[in-house]
Amino acid sequence: MSTLRLSSLMHCFQGVPPCNVATCSRDGVPNVTYLSQLFYVDAQHLAMSCQFFNKTRRNLDEHPYAAVQVYDPTCFEAYQIHLKFVRSETSGPLFDAMALRIDAIASHSGMAGVFKLLSADVCEVLFIERLEGFLEPNLAPPNAVADDPSTLRNELRALQVIGERICRAADLESLLDRTLESLDELLGVHNSLVLLSEDDARLVTIASHGYGEAGIGAEVALGQGLIGTVARERRSLRVSGMREGLRYGRAIRERVAEQGDEDQLRPEIPLPGLPNAGSQIALPLIVQDTLLGVLAAESKRVLGLDDWQEAVLQVVATQLAVAIDRLLEEEDEEEEEAEPIRPSMLGFSKAPPRRFTFYRNDDCVFVDGEYLIRNVPGKVLWKLLKAYQEQGRQEFSNRELRLDPWLGLPAVKDNLESRLILLRKRLLEKCPDVRLVPVRRGHFALELDRPIELLERDSA
Amino acid sequence: MLVLPPALVPFLEGGNSLLVGTCDAQRMPQVARAVGVKVSADRDKLTLFLPERSATRALCALGQVPLIAMTASEPPTHRTVQIKGKVLALRHPTDDEQAWVLSYPDRFADVVAYAGLARATVKRLHVWPARAVDIEITHVFDQTPGPQAGGPLDLQRFDVAHDKGGRA
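Chain order of the listed sequences is A and B. Residue numbers 0 to 459, in numbering that gives the first Met the number 0, belong to the letters of the first sequence in order. Residue numbers 0 to 167, in numbering that gives the first Met the number 0, belong to the letters of the second sequence in order.
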């Protein structure tokens, strides 16, 4: 073994720039190609992804030696790693970990089921060499900053502060908003989202940071894209070089289409969030066996989310999941008795009325002809608006919503608070003159600065 | 004798990413980055250039086993071809070839700029001194990722696709 440690090359296994591999056949004919994924297994082993049973794989079966060249994306230094093929794995933790990334890329590029991992080809590392002279001199050695102990202390301090803020959060909305703000302030994670499980098949975005209000309410189906794949598999995933991965997936997609197999392809899902994300991470929020949602973050930079950030975010995700679960439990338990209704004393502006339309076929509410919200939050809004218009009511309790069979909330774990947060944020974005304002635990008020008109229709 | 289509010439001679695979007398594979290609006038041979410092092992292997694989890839699209051939000569480049090799980092930096790699970093790619490897082309494969990767390149289709705007 070389004195170079495999673990010191972790940057090089993120696929940017892509790794490449040379093999040779039984009769000594060389072959060289790119590798879509080279995965660190342990200090002595790497695994190559095999998506198609190609020449590289056939050569390894005939003659089990390979040379891979990898590059440090921070400085473009190159290393050659000599490998001996040991075994192929088609199931198990290693296979699942490698398949997760490929599934996410495949889902994003509409290639789910077509572009998939066939095997994780595990190789023993024979020796590693830095390619002396690959670059002209004067480059800083790789990973110099990562081992700086003062940097590590800062990260621990950041974790401590975030942990304290999570523990002190009094309600779900402030928990989510403060946590995402803290990730930006203390860890430099500028763009992040929290999605909560809406039902067994979907997640809905309930908090975001770095995107304005535009992302609130966006839905992701389980298995859809990076976030949906992480939710379905309940495993965190960090993808550096997402753009590169998508280009790779699209290259395959074009070839499949050219071969007349378009019926295997599904519509490509637009990447949520930053249009030019270079790296992304998604972490499941799990308490016991229950998936509560997903914490997702991204960066414009290809290596904007590093190993240490993944580790730190994993700790934050664990704390966040426990706090979400706690606040949802408390919400069920603590509801104070209602006091007399105190209608808003503010008068209406001279603006024309807001026109709300409720479509019965899909429980969808539009405001002034524009989509506002649907499903349970849509029905909640409709109930409140009707109560205001017919009875003049402006204050409501969570309890009465839970007891209303028309809303269809489950008896336990109804996520009512998260649905009200979503509704509040969507109103703020689409019609800020109609607001839901918390007045005390378990109670909120409907405030209006403009008159409203309500219309019900069977369908659009 | 295999003759390359005209459309492959700029693809190979531009700044695309160039990889070389060799194996030595013990059949141990080696991989290296090439720093330029020149296609012969009759398009049945090519000369590729390997930097002496970073491709030491590959050059040593070529002295033992005169077989070579070369992959040229357009990074933004992953359109890739692999050429295999027999080594006719391993020699020092001419003055004209030296100038060609020295211009490769600029062309390569243009090609990989989309990925955010700093131009100044890419231009530090060491290219000289280099050795010239003259090759007789024996096989051309489509290496673009996908189920067909490793199959024969449809040379006619490559021409058409290239004319449409560079995406195969």
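These are calculated hints, taken from the structure and not from any lab test. Please note: incorrect hints may appear among the correct ones.
[What the hints assert, rightly or not] Derived coverage of chain B by chain A (criterion: at least 3 residues anywhere in the stretch with Cβ under 8 angstroms from a Cβ of chain A; other residues may be distant):
1. 10-20
2. 45-57
3. 82-91
4. 98-110
5. 123-133
The beta carbon of each residue, even a glycine, is placed where N, CA and C say it ideally should be.
The hints, checked one at a time:
no.	hint	result
1	10-20	holds (count 3)
2	45-57	holds (count 4)
3	82-91	violated (count 1)
4	98-110	violated (count 0)
5	123-133	holds (count 3)
Hint compliance for this structure: hints 3 and 4 are not met, and every other hint is.
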